[in-house]
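Number of protein chains: 4
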Amino acid sequence: MIQVTVIQIDNYGPWTVTPNPRRESDLQALQSRLYGDLNLQFGAHKGLVFYTRFDNLIAITNGIDLETHRRIQDSIKNRYPFTISMGIASAETPYEAQKLATEKIQEHGSAQDKYRKEVLDVANDFILEEGYVQLAHIDINNVTKTLTDLESAYDAYLRINEIHLRLIKELKKYGAMVFFIGGDNFMCPCNGMTESDFIAIFGDIKDKTGVQLKAGIGIGKTAEDASNMADIGLELIREGKVEGQVCTLNYKNYNIRRKFNTLCPI
Amino acid sequence: MIQVTVIQIDNYGPWTVTPNPRRESDLQALQSRLYGDLNLQFGAHKGLVFYTRFDNLIAITNGIDLETHRRIQDSIKNRYPFTISMGIASAETPYEAQKLATEKIQEHGSAQDKYRKEVLDVANDFILEEGYVQLAHIDINNVTKTLTDLESAYDAYLRINEIHLRLIKELKKYGAMVFFIGGDNFMCPCNGMTESDFIAIFGDIKDKTGVQLKAGIGIGKTAEDASNMADIGLELIREGKVEGQVCTLNYKNYNIRRKFNTLCPI
Amino acid sequence: MIQVTVIQIDNYGPWTVTPNPRRESDLQALQSRLYGDLNLQFGAHKGLVFYTRFDNLIAITNGIDLETHRRIQDSIKNRYPFTISMGIASAETPYEAQKLATEKIQEHGSAQDKYRKEVLDVANDFILEEGYVQLAHIDINNVTKTLTDLESAYDAYLRINEIHLRLIKELKKYGAMVFFIGGDNFMCPCNGMTESDFIAIFGDIKDKTGVQLKAGIGIGKTAEDASNMADIGLELIREGKVEGQVCTLNYKNYNIRRKFNTLCPI
Amino acid sequence: MIQVTVIQIDNYGPWTVTPNPRRESDLQALQSRLYGDLNLQFGAHKGLVFYTRFDNLIAITNGIDLETHRRIQDSIKNRYPFTISMGIASAETPYEAQKLATEKIQEHGSAQDKYRKEVLDVANDFILEEGYVQLAHIDINNVTKTLTDLESAYDAYLRINEIHLRLIKELKKYGAMVFFIGGDNFMCPCNGMTESDFIAIFGDIKDKTGVQLKAGIGIGKTAEDASNMADIGLELIREGKVEGQVCTLNYKNYNIRRKFNTLCPI
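Protein chains in written order, with this note's numbering: chain Z, 365 to 630; chain L, 365 to 630; chain X, 365 to 630; chain E, 365 to 630.
Some hints here could point you the wrong way.
The list cannot tell twin chains apart, which means a pair is met if one copy fits it or any two copies do.
[To be verified] In silico DSSO-like cross-links for lysine-lysine, where the CA-CA straight-line distance does not exceed 30 Å:
id : residue 1 : residue 2
1  : Lys616    : Lys536
2  : Lys585    : Lys533
3  : Lys478    : Lys585
4  : Lys572    : Lys509
5  : Lys533    : Lys481
6  : Lys585    : Lys570
7  : Lys478    : Lys578
8  : Lys578    : Lys536
9  : Lys509    : Lys441
10 : Lys616    : Lys441
11 : Lys605    : Lys478
12 : Lys537    : Lys478
13 : Lys578    : Lys441
14 : Lys509    : Lys481
15 : Lys509    : Lys533
16 : Lys533    : Lys572
17 : Lys570    : Lys605
18 : Lys605    : Lys616
19 : Lys585    : Lys572
20 : Lys533    : Lys578
21 : Lys570    : Lys509
22 : Lys578    : Lys481
23 : Lys441    : Lys605
24 : Lys509    : Lys478
25 : Lys537    : Lys570
26 : Lys578    : Lys616
Don't read these hints as lab results, they were simulated from the structure.
Given the sequences, and given the hints that come with them, work out the whole structure.
Right under this line is the structure:
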């Protein structure tokens, strides 16, 4: 079971053009700051937030209770010119969890309903002890030499967007999500997927685009633990310390360096 | 002529994993803050920055001189754990300008060359007086009711990514770029394009996906002037004050409310 | 017992002038951002930070354990061009606690020792369950009409500084600290002090300066709980709901609206 | 002539307690962020802002015109839960300038008038070409060894506050202001003062407190130029490259390394 929080700025669209359209550089500064703050504040409790559409954000929040959500919601109200609503849900797959979480917000009214403010609702029980997060940190082999140093900044960006969309579509079949996290990096909440699933997807993308992807897969009680494990897995592949393009590490077993249902020789 | 600045964090990839992979929520907070700060600092001089790949950003900088670039570069060094390089170029189309700008950075070495630091180089003369910026602010008709309030947060995100990639590919044919700026909004530097070009592209996307796009197109001496005009054009369409899905406004003529080569009845 | 954390930027002075003095507006932006971030990050765990000297900050951290301190220390390293050291201590009075906490940092070397980095040391046991925080939120009666709307901005500032220094000196006799928190507001960690102590100090300041101070005093397990109670106490005085210039509320008893060793009729 | 801008948050006090007192750590994060942003945004035009009372700030703004002020005012409205008012004035001394600037705000109503919003008013003509800024960057000799490494964090803070208040009172006699800028540093806008004035004041403070102060004094067209010169002057004293405790540098003459009415041998 993974716990997902969907965060939505209340009635944001109308605000951006009232009384006149607001300066775009200010809006970009505002939205990126919200994203950064949410990462610091959920991050303080080992959660992880993805910017998604900036006015609708998706967070992995295993281990984070309702009171903490409410305190973050208050903090945004206290410092921003708008408020946020949050829906929280748990499910076997990340896709299913975000779907339930979105529905909890939608039940309370439209994103542009001016009376709907600071929704905080939960689809099902909180996962405080049980449950886990599985994250795949995916990147492109040799991206600096083959893309960044070679192509124009915009062509590299185009390439990243192509790969991202392809990953989104493939991974959705497994109930997984995948978000761009900068550079050539993608973070993929993927509870329930196996290494073979990733190997198959990466092989297919390699055949169709010539781009070789790799992934560290991390498993932990929280998004932070899982993401740390995924990062270390990715480093092991980069450094040639494991064979193949996928390496899974489980936070629980990491200290005793046991393998967790994985091809990765640790 | 449009002036584009390509901004690249120096040797960022290796830093993110030295000595160990850094916490992902911190990196997301750091990258989004850099993006926000660059928008405030270029925005102070009427420029506009797009996050692009977060470690490689693209800015529209007409009217912003070399000293101002250097002062922004210094300010980042003074407040961040890394430095940035910048390449600046002007061209008839945005795509061409970013290509020249990227090359100026690449000439000085790899993005992961640890000795290449704080490049600041210019491909050709600065556009201080001559030149102009043309920006199209594109959004999706009725997105709240058809997407945000109806679909799950992730499916809406998927949809936005599909449309974005389609726009990227179509607009590149015209030498234009297009960036996601949150919600259902895209900003498209598009010097040289006509309203008919957009009408054709939007018609084609409507046929293939059922999604109707619209665009306010703004023209001005700076990114801020152009973007303000584009925003007002989009509002005129939203409010039904102009017919069709495209409306162009020119900052120069805006006060005397004359039309600039446009279907838009102002 | 109150728990205090002293935070010190490592080797900051030399950095600000290497290789040349850095732009002052950047340094002010950097220092204020550090202060804001530390408040968000300790605040996520119900702590409260005071800017103090900006490169040496003092935080009230009851209930915040060593691992959380370490994670905040890491987060600063991950996002700033410098690192921070922290000393943690508990004592009967705030003054004594900060003294012990400072000593834990000083033991490891000079603030400008370039090899002393990221000290994290604890003077005595962590207060996780036992212990409490007592905070007095002090302000000036009728400051807007008597000062802000009447005097020049700088004279008002001078006045605030005079009152602050007077409070610092008086309160130190009781082992209490007092920090400026904006406007005409001071926050005073004051475990062990009584309402009579404050009444005596305020009477004395009234006699000598003509300025009438008041204080909401809050007691709670954490800085946040205590500070919320102090704020409510201050509001009760402002609204004339209690008599006198001091009102104490205890978080533990607040819900059942009992009085806690206080003149305040709640 | 020095140009000063007084910045005031509109109706801030009531907002902080509506509908209930807001969390103190959030308010501290909010206020420090405003301070940081104003420094970045005025800093983009070579101005410098001092936090003063956080809800009332004082900036040195020579060379910054009305439109730029308005754009900064808009940017705050676009990103914060409140708006700001600004009064701008020029005078022979900093104190006189801030007094005139404050009056321009006060004329429009009380700081807590809920209808008074976004005042932007100018007492006299803008100083765009003529005028200059003189800043003294003052610090304490050997502060790390005598204070930071020796005393408790709070006692060092007490000491800094004492010296600050003493400086405020002494310098006001000369029409100068002095602000704490972190560590053991003070920044003092001091148009019209001479090196002898500072030498006399520092001698007096040395006699009474045992603390030896020194100052780099910078002169330039903008706050940034003056502050850079002041910083370099201070470095020259620190490095023993000039005799005495005061060194003045003038930006205009700096490149040709001539002396400007100064004991400093450059």
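Legend entry - Indices of hints not satisfied (ascending): 3, 5, 6, 12 and 19
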